[in-house]
Amino acid sequence: MLDLAHEAPKPKVISGAKSDWELVIGLEVHAQVSSKAKLFSGASTRFGAEPNSNVAFVDAAMPGMLPVVNEFCIAQAVRTGLGLKAQINLVSAFDRKNYFYPDLPQGYQISQLYHPLVGEGEVLVDMGPGVARRVRIERIHVEQDAGKSIHDMDPTMSFVDLNRTGVALMEIVSRPDIRGPEEAAAYVAKLRQIMRYLGTCDGNMQNGSLRADVNVSVCKPGDYERYQETGDHRVLGTRCEIKNMNSMRFIQAAIEYEARRQIAILEDGGSIVQETRLYDPDTGETRSMRSKEEAHDYRYFPDPDLLPLEIEQDWVDEIAATLPELPDEKKARFVTEYGMTEYDAGVLTAETENAAFFEEVARGRDGKAAANWVINDLFGRLRKEGHGIGESPVSSGQLGGILDLIAKGDISGKIAKDLFDIVYTEGGDPAEIVEARRMRQVTDTGAIEAEVDKIIAANPAQVEKAKANPKLAGWFVGQVMKATGGKANPQAVNEIVSRKLGD
Amino acid sequence: MSIDLETARRVAHLARIAVSDEDLPALADEFNTILGFIEQLNEVDVDGVEPMTSVTPMRLKRRPDEITAGGYAERILSNAPDAREGFFAVPKVVE
Chain A
1 MLDLAHEAPK PKVISGAKSD WELVIGLEVH AQVSSKAKLF SGASTRFGAE PNSNVAFVDA
61 AMPGMLPVVN EFCIAQAVRT GLGLKAQINL VSAFDRKNYF YPDLPQGYQI SQLYHPLVGE
121 GEVLVDMGPG VARRVRIERI HVEQDAGKSI HDMDPTMSFV DLNRTGVALM EIVSRPDIRG
181 PEEAAAYVAK LRQIMRYLGT CDGNMQNGSL RADVNVSVCK PGDYERYQET GDHRVLGTRC
241 EIKNMNSMRF IQAAIEYEAR RQIAILEDGG SIVQETRLYD PDTGETRSMR SKEEAHDYRY
301 FPDPDLLPLE IEQDWVDEIA ATLPELPDEK KARFVTEYGM TEYDAGVLTA ETENAAFFEE
361 VARGRDGKAA ANWVINDLFG RLRKEGHGIG ESPVSSGQLG GILDLIAKGD ISGKIAKDLF
421 DIVYTEGGDP AEIVEARRMR QVTDTGAIEA EVDKIIAANP AQVEKAKANP KLAGWFVGQV
481 MKATGGKANP QAVNEIVSRK LGD
Chain B
1 MSIDLETARR VAHLARIAVS DEDLPALADE FNTILGFIEQ LNEVDVDGVE PMTSVTPMRL
61 KRRPDEITAG GYAERILSNA PDAREGFFAV PKVVE
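Sequence lines, in order, name chains A and B.
Just so you know, our numbering puts 441 at position 441 of the first sequence, and the rest follows in order with no gaps.
Just so you know, our numbering puts 38 at position 38 of the second sequence, and the rest follows in order with no gaps.
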């Protein structure tokens, strides 16, 4: 595999009243597995269905109902593990995490505490060209999602919808390798990108397909290096966990607030209490979830309804053989194969659909030119109009057609922009449009010479000035372009004008 | 190991089982009897013995990713003490 050399980003430093502080961050990301049915039942996972209509009796924990694992969900988690270059455990097991809440009808969540399906892996988090943070993954386990409680429909009651209950989640647990709010958001974005490439999670944060619990602590400069040498977590400070965040912006804001809160306490001579906190987007603050404290006694034990999950290496190998080219590899290949910058390669490979579109345009053509057109003209316009590549009115074939016309010299770069606008708004075959609307550029030097002669003859005063000051030749070029409706080949015009004025 | 009244009270609360104060000593006693039995089991040396998860050689059953259930909200809600507009209705719980 091609690997771009990266250096690690600098950790974020916050200046307190008394000294400088650094942040230590670890994330638990809950990613909803893309599957048709739930982890242990045959109920649908479709978002936005009528309340309690996607619920099987096993999801509602009716007496006597037994869970049967959805093999595809396991395959998806294995696929995710492979995408994160992680160890796949051929034997894993399900445990019960016991707690009481109205949207958890079983009274426990089936999870994997002691023997997770996926072990250690890693993610390269891009922080700009040449800069990336290597974040270690500790584990990925498979578990059930809970239902949804709605508190604002009635003054005295909470309403519970179990449609999400039992949907398969992957909990991706990182090591405390993240050193700033931006890195945390970039880490979640990278996981999302990889899983979208793999097709294992749609990454829709608004619908709750991707949520993060963020662990934050603060330490003094130098402490983190000491942790790296000794592996002793205690030097990293006491952490607080901010629960259930579903926006990159909130993740950053919550970390920033929480770090400053901890620094203020420590500089006042206080100490941090390890606790679960909630971020309130309205106030921009985090607050303690006291109710969580006593519920923390989860009394885990192996689920007696489920045998250990044993999978075969052959099956894992089969899944590995179907992995697509992943973002890091695709980006590195774009840089070497098309000669583009790492930044452009990053833009084009952000979504697998974008990368595929670009490659269709670039096939057999100039890669750099294709990258410019796809990024600046097409993506720029789509973004302005709030569309994704799937809604692009310009196909890769049409954009390729425009590039071909430029390459052949049929149209100038400037006319190409007009042509792009026509194809974007009206559609049609670029070559036919150029013919029908007489947009072909004039490369016939005889015709251009005639235009230049006409303008020189009509403007003797300008000619005198331009002879004294060659910089004024640009005025003639402009006049010729105007007279030809922009269709004259600009290089040819330049050349002829300076030759004629030089006479 | 011995379970005191406070621990018994806490376990009952975590399980959301209402146990009155006068019933707590009996409950604690029962816990202690069970734990005593487990302590007896702990005397057996099981070093290097794989945990037995099934009496017959069985593999965890799997299901294909197909929608085979759901679409019967009224049946799911039929035993609920209170249900409104397709939701379970429970005493307000707000974080």
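Calculated directly from the structure, the hints in this document are not laboratory data.
A hint or two may mislead.
Each pair of labels, with its calculated beta carbon distance range [what the hints assert, rightly or not]:
| id | chain 1 | residue 1 | chain 2 | residue 2 | range |
| --- | --- | --- | --- | --- | --- |
| 1 | B | Arg-59 | A | Gly-119 | 45 to 51 Å |
| 2 | B | Arg-10 | A | Gly-208 | 28 to 34 Å |
| 3 | B | Glu-85 | A | Met-65 | 37 to 43 Å |
| 4 | A | Lys-18 | B | Asp-82 | 33 to 39 Å |
| 5 | A | Asp-268 | B | Glu-30 | 27 to 33 Å |
Listed below are the simulated BS3-like cross-link pairs for lysine-lysine, each with C-alpha atoms no more than 25 Å apart in a straight line [stated by the list, open to error]:
| id | chain 1 | residue 1 | chain 2 | residue 2 |
| --- | --- | --- | --- | --- |
| 6 | A | Lys-482 | A | Lys-465 |
| 7 | B | Lys-92 | A | Lys-148 |
| 8 | A | Lys-97 | B | Lys-92 |
| 9 | B | Lys-61 | A | Lys-97 |
Just a few of them, taken from the derived set where beta-carbon distance is under 7 Å, the chain A residues facing chain B [unchecked claim]:
| id | residue |
| --- | --- |
| 10 | Ala-43 |
| 11 | Gly-48 |
| 12 | Glu-171 |
| 13 | Thr-352 |
| 14 | Asn-354 |
These numbers were taken from a predicted model, which means no experiment stands behind them.
Don't be surprised by glycine CBs; every beta carbon is placed ideally from N, CA and C.
query = Against which earlier hints does the structure fall short, listed by number upward?
reply = Structure breaks hints 1, 3, 4, 5, 11, 12, 13, 14.
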